[in-house]
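Undergrad: Each protein sequence line maps, in turn, to chains V and U.
Numbered by the numbering used here, the letters in the first sequence go through residues 1 to 181 in order.
Numbered by the numbering used here, the letters in the second sequence go through residues 1 to 516 in order.
Please keep in mind that the hints were generated in silico from the structure rather than gathered at the bench.
As the structure is a prediction and not an experimental result, all values here were calculated from the model.
Do not take every clue at face value.
Covered by chain V, per the in silico footprint, the following chain U stretches (three or more residues, Cβ under 8 Å) [claimed, not checked]:
1) 25-37
2) 43-52
3) 83-92
4) 373-384
Beyond 12 Å from chain U on every Cβ pair, some chain V residues (computed) [to be verified]:
5) P41
6) E64
7) G136
8) R163
Even glycine gets a Cβ: it sits at the ideal position worked out from N, Cα and C.
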Amino acid sequence: MNLTRRQLLKNGMLVGASAPLSLGAAWAAERGLADAPVHGPIRLYGSDRSTTELGLGLRQQGWEPRYEGRLDPLALNALPAGALVTGFTDEAGLVLLTSLLAGRGRILALGRHEAGQHRLLSHRGPVAAPLAEERGSWQAALGREYARLALANDAGRHAEYFRRSGGAAENASELSFLVQL
Amino acid sequence: MSTTQRILPKGVSETDFDAALSRFREIIGAGSVLTESDQLAPYTKIMMAGDQSDYIPSAALLPTTTEQVQEIVRACNEYKVPIWTISTGKNLGYGSAAPGATGQVMLDLHRMNRILNVDPEVCTALLEPGVTYQQLYDYIKENDLKLWLDPPAPSAIAGPVGNTLDRGVGYTPYGEHFMFQCGMEVVLANGEVIRTGMGGIENSSSWQVFKWGYGPYIDGLFTQSNYGIVTKMGLWLMPEPPAYRPFLIQYQDPEDIEEIVDVLRPLRIAQIIPNAVVIVHTLWDAGTHVMRRDYYDGTDSIPREAIERIKADEGIGEWNVYAALYGTPEQIEVNWKIVEQAFGASGKAKIMYGEEAEKRGGGFEYRSALMKGDMNLQEFGLYNWRGGGGSMWFAPVSQAKGSETRDQTELAQQILGKYGFDYVAEYIVGWRDMHHVIDLLYNRQDPEETQRAHDCFAELIDEFAKRGYGLYRTNTEFMEQVAGTFGDPLREVHRTLKNALDPNGILSPGKSGIRS
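Can you make the complete structure from the sequences, with help from the hints?
TA: If you want it as structure tokens, here you go:
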């Protein structure tokens, strides 16, 4: 599914968009977004609602998500060193992404979101939030957590399991990632 | 579950390891010595049915020159630090970029990526281990050279040196990669450098054209082994033919594999069909772009009924033969008639090329690209077939005889079925041999299924060996077991060579089951 223009505008991810700033600001305030990004850009990959929501969570924590479309891991070679990259992909994309990072980048966190369960693996310290959905979707909660991990200085491998709620339609298997080149 | 404790090489004290790391930083610079968890995480990605905690490196080193590799090896000898060498680290399903055992230091050669020479007259190349197929492909295009490569399926990201050293295969007439290797530069465990073949002669112009040199031919000792670190390798490249015709032959019945191989064998041996032909089963052909759950949701083997639905929906056969003809247009026309006559005799085959083949389902487009050495990543789609990130290649060798092929197919299907896995397989046809390549796909996130996959793979090795079939290559979890199937006398020779060349056992301990 492609993101609609409305969805992109909501998250401030439509490059070159001429969205009325006042409308965006009003919506942002309503959704608890920071006034302006304070942490800089983060590349966001994926092509469905989960990506939109992940971007929302990142934006709420002061990051500036830049929507890049479906993940093409080979395209990451063109990004500058230090660039942060996040999003959703499939099994093939994850295999390709992680294998390309050997000696070239850092895996900060990986998420496997399956029926009834989230499995999060962090290499930047423990995962703090259990992807609570009180403040919206689990994908937005994941975005907030990834936003925190992107700034964390902790080390070590930490694996956490959280319960995933929702109906069958929302329980499709999804794979998320947060990496730095 | 959290892991924050420091991982050390086996038998190495923290003090000695710190001293070794300091020495490594002096040799290659601090930025090329990786020790942080998030930097090492890509080196822990395994797809095989092993415990991930058994494959975590203590550090990774990124040298850029042969001299640095020499110094690293000397330091490793001093501190008894074991290193596990990778070239581009894309041996997916065979151990990926992970070490052979936890605590080993990764020696990652991907930054040694110079194309040292490409000679369009004698069609040779001299490469460093970090050169990727895509890089060499781009070089050839940019310089308008009429040369073709022979990449394996993960072509763009893998490299010719690493693939050849693991005796990988491709799909053009140069498909048996080690056959087309010529000359190596090798850093030995004592830090000395040797050049094989004609490379020992100063200023030799024939290092990349004459394989044998003088005296014992030793290049094979450095493939699938841990006797040295290959830092340069010569390859033969295929001259671009004036014409090329990829084609597809489909058969619909499971037992047709016997006829296919018996028809194909004389055509391959006589070089009527010169390339490494593949005979692809339905589930591989569909699995590169179809999701299993769209046809079957069970956790046991996919049933025959679902396979038949896939064949019908996708327009593919039970067996799908991808091959090609190369040469002048006149040569191709002559050979095409021979191929049509041979495969058309029984009336079972549907033979296609051009638009007709393109319109059929399956992998004709990407197979056509691979058979002319173009870059392609389509087969990564297999990882989506079952999901869960588990993949192990089971790859026994057989004679190119229909009876053996049928025997292997039935045995594999029986064992895979017993453990609830699918037969996702293809045969790659060499001159007289076949590589029966089966992708054991499973859900690595499920511990019970992972254990089943492990047991299944172990049984496949044993049962195939009982019938006289050995593997040509395997993943790091099963190297010991596979080495055992080749017998103790051979293992003793391997061990004797290891003790002579690497007495401290610092180079890739356990590779192919070889230890000092």
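Undergrad: If you test the structure against every hint from before, which numbers come out violated?
TA: none
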